[in-house]
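Undergrad: Below, each chain spelled out in residue letters.
Number of protein chains: 2
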Amino acid sequence: MGIIFKHASGRASSLLARIRFLRMVEYDITSLKIVVHSDSEELQLGVDESYTLMVSKKNEQSIVGAATIEANTVYGALRGLETFSQLCAFDYLTKSVQIYKAPWYIQDKPRFGYRGLLIDTSRHFLPIDVIKQIIESMSFAKLNVLHWHIVDEQSFPFETPTYPNLWKGAYSRWERYTVEDASEIVRFAKMRGINVMAEVDVPGHAESWGTGYPDLWPSLSCREPLDVTKNFTFDVISGILADMRKIFPFELFHLGGDEVNTDCWKNTTHVKEWLQGRNFTTKDAYKYFVLRAQQIAISKNWTPVNWEETFSSFGKDLDPRTVIQNWLVSDICQKAVAKGFRCIFSNQGYWYLDHLDVPWDKVYNTEPLNGIEDPSLQKLVIGGEVCMWGETADTSVVLQTIWPRAAAAAERMWSTREAVSKGNITLTALPRLHYFRCLLNNRGVPAAPVDNFYARRPPSGPGSCYAQ
Amino acid sequence: MGIIFKHASGRASSLLARIRFLRMVEYDITSLKIVVHSDSEELQLGVDESYTLMVSKKNEQSIVGAATIEANTVYGALRGLETFSQLCAFDYLTKSVQIYKAPWYIQDKPRFGYRGLLIDTSRHFLPIDVIKQIIESMSFAKLNVLHWHIVDEQSFPFETPTYPNLWKGAYSRWERYTVEDASEIVRFAKMRGINVMAEVDVPGHAESWGTGYPDLWPSLSCREPLDVTKNFTFDVISGILADMRKIFPFELFHLGGDEVNTDCWKNTTHVKEWLQGRNFTTKDAYKYFVLRAQQIAISKNWTPVNWEETFSSFGKDLDPRTVIQNWLVSDICQKAVAKGFRCIFSNQGYWYLDHLDVPWDKVYNTEPLNGIEDPSLQKLVIGGEVCMWGETADTSVVLQTIWPRAAAAAERMWSTREAVSKGNITLTALPRLHYFRCLLNNRGVPAAPVDNFYARRPPSGPGSCYAQ
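Protein chains in written order, with full-length UniProt numbering: chain A, 1 to 468; chain B, 1 to 468.
In short, the hints are calculated from the structure, not lab data. Heads up, a few of these hints could be off.
All copies of an identical chain are treated as equivalent in the list; a pair is satisfied when it fits inside any one copy or across any two copies.
What the hints assert, rightly or not - Calculated pairs, EDC-like style, for lysine to aspartate or glutamate (alpha carbon to alpha carbon, straight line, at most 20 Å):
#1 LYS6 <-> GLU136
#2 LYS362 <-> ASP129
#3 LYS95 <-> ASP129
#4 LYS101 <-> ASP91
#5 LYS168 <-> ASP91
#6 LYS316 <-> GLU273
#7 LYS230 <-> GLU207
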């Protein structure tokens, strides 16, 4: 209601506007009927997001009865409501909300069950209000997974009651998330049909852990990867995951596993001796670490997700339930599904939003199923994800770096492959993206101009939102 | 409440958090007493914004009774509430809201009654939600006038019922403000103790008017300044002002008058003849236009504000009630107050926020009373204003171009001249500005890093908000 009837809100004008609204008949919508068949509110991977939206037209001037949304789940109904809100437009001449081009009969469902956006709260802390702004904006593009890369080498902002010194690795005593904050994020996201997938990236990308527990560092000069030799390391991982399990109900949990540089393990005496004692190469130790972490996640009833290096390095040893997340190599999903693994597509050359030189059309034209023709293998690609790494994206610029480009990927992941692959996208998709950018702006989201070659650049001069 | 108790809000955690909150005693605040002496809610220039804030300390661990805010008006109480909210901080270890460094006894009032921010909705349309975000953020820095430069040569987004074709000059049929939208902005601002000063800039900067009424253009090749020869021109101005008078209760109304290039008047036959008939130079005609517009504003019980060129060009003929707004010449306020005019300081070299190369310290060190030593003349400087011109500041970047630099000017305008002029500001003001930038971020405002030489640049690498 707040989104659709923006212009009729506000104390000063509401009564007048509402009366005018009720008097108008041209395409005016006075009621919306929503039918949901299931009363389950469980939100998991593959939840039914399909919906049917009907708006009947009587003649040029009016619609018949109510608009109707029918869905199997509340989450399908939410997607239908989002579509409905985007068909409604305030007409400035009649000052009424009208439905664009009625009648409508829309049967809709997503192509992929996993349509993600990664945020990184370690390189820069993102306040709760900002994470909520991001989640809210995701719902406008029907994205449905917030991949929360919570901690990394730079900072550990997260409260872990079992190991309460860990968040001493936060940038400051104010740049932190409590357990209650995280629960509130999960609740806020669920209300919008969005799952939150937490990530604890091990054994690399973990230097900040040692601020609270220096024993996790192999030595003062070797602060990551985490010390593979100590049970304490895995006790801490187990403690973190036990604490997080109470917060994050989503079945997927991300264990990272990327960019593990094991050089300094070799140069640390007690690690070196441990490796020799087990007759391990450092690669063996990397595998040992990842697999042991996987078992911890699995013991907590989580399905592990790992970055693609784990698959490239020792794919045959990974738990078969593992979901592989691509970032580096173009055809890794192709290879992973061929081995029976599920895969998430996030190729850095196209879907890493911190790559500011990737324009909207390159984002749009990237197909997660590229090179995968067998329908049974295609099903193993659960979806894709755009990644907003935080090195140069803090609160001041994060939303305009995400939008509008994330919307290009969102359309590809939602719509059929045929629909997004035909025609001249400058004539088909671009006007939609311009329109959607302005829609985000109207909803208070600072989406950047579509046309600028570099992402998040300001407009170069005066002009309409619809043309920049 | 929403600002102070952010971490205790949210359905999932609220009960738990609230119980914990009530149990805690260390500096916890459980009640706040507010005493307002006047029941008038009128918000005009010079409204009493003073307040007293008291928080007593019993011992190291607790405060005595309630905190108290006492003020003569609700607007003073609002300023006190803002200060109070900034003394409160969530303590992540005890998970309670604590008052920083109690006890406090604060007697506070602003140095200037006019502390403005200009927004420009002609070069880029700013949606209602975005204008509200700007207003909300202004209240955090105790700014109290939103100078709404509504229309200009590029677009005319404003509804004028008396001349309904004017907003045909909008960029598009969606980039418009209805009368109700504008009233909602005024209401929203008033709730935060902020007046809205509308601007209708004449006779230059008005090309967009002619899209709806081409008669306002001297000719198709001379589209501004407005046609000085026709009564219709002044009828339209009168109509716009009559419509706006119902929306904007603030006593000041801005008539522009800047950058009037009269060259094409001379080249337009009927204008040239009109000038000759009256024995007018183009400068005489410019004066004639401005003075006639002033009389229209005055007839509607408005005090006219004009940009400084009107004073430089024909200051002795201006209505003595005119408020002169500086932008171009450093000592224009000095000259204007010497002639008995009131003045608003907005020197472009320091307080134009679209000048991205002006760093925070240059903004901070600029003193509106510079060169004005006589206390009776100082009183004529009613305040200052930072100006966010919109050529390259649309929804995607407007807030991070305003903040944090606007806060540097806000502190100068609020605090005593002595307080902001002593010591090494890198040690005094800069830490406050860093803190305030993070406070804005925490409240969901995308204020940019303080230290970057160019405004609104992203951070150059990972780091804490308090250090970038």
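Undergrad: Hint by hint, note whether the structure agrees.
TA: Here is what the structure says about each hint:
1. Taking the shortest Cα distances, LYS6 and GLU136 sit within 20 Å of each other both inside one copy (16 Å) and across copies (17 Å).
2. Proximity of LYS362 to ASP129 under the C-alpha cut-off of 20 Å is found in neither arrangement, the shortest distances being 31 Å within a copy and 31 Å between copies.
3. Taking identical chains as interchangeable, the C-alpha atoms of LYS95 and ASP129 lie at most 20 Å apart only when they sit on different chains, with a minimum of 18 Å there against 32 Å within one chain.
4. For the identical chains of this complex, LYS101 and ASP91 are intra-copy neighbours only, at 13 Å inside a copy versus 53 Å across copies, given an alpha-carbon limit of 20 Å.
5. Taking CA atoms no more than 20 Å apart as the test, LYS168 paired with ASP91 passes between copies only; the shortest distance there is 14 Å, against 53 Å inside one copy.
6. In this homomeric assembly, LYS316 and GLU273 never come within 20 Å of each other (Cα to Cα): the closest approach is 27 Å inside a single copy and 91 Å across copies.
7. Taking the shortest Cα distances, LYS230 and GLU207 sit within 20 Å of each other inside one copy (16 Å), while across copies they are farther apart (74 Å).
Hints 2 and 6, counting from the list given before, are not met by this structure.
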